[in-house]
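A.B. asks: Heads up: the sequence shown begins at 303 in my numbering, then just goes up one per residue.
Simulated from the structure, these hints should not be mistaken for lab results. Note that beta-carbon positions come from the ideal geometry of N, C-alpha and C, so glycine has one too.
Across the chosen pairs, the derived CB separations fall in these ranges: (1) R399 <-> G312: 38 to 46 Å; (2) T314 <-> P405: 51 to 59 Å; (3) G349 <-> G305: 51 to 59 Å; (4) T346 <-> F309: 44 to 52 Å.
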Amino acid sequence: MSGPQQFVVGPTLAAWEGGWAPGALDDSWWFYGQARKRQPCPVTVEGSILVGVRPGSMITIEDQQYECIDGGDVELSFQFPGTYEVMVTRWPYLDGRYIVENPPQAKQPR
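Please work from the sequences and hints to get the whole structure.
C.D. replies: Encoded structure:
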């Protein structure tokens, strides 16, 4: 909401029966109906392992979603070599975005 305090903001807030918080707050602030800063995703990446995935997290790789019911450490495997963006989503944390490298396999000597 924006506008002159006297004509827009003040009268609107006086008539409003719901809750409100001062300031410009985006989606990273709203946490269970309160204006509180949401914490960053606690997951870290070690090589091809997601460490510390919370139970109930959703892991997204190339638009394919995988539910991680139990949480814990998750070993990633990919069909092809390359760089992959991995997203971990779990409320109330902010989404975590990670880049994971899947190097080509070393050729076996003949």
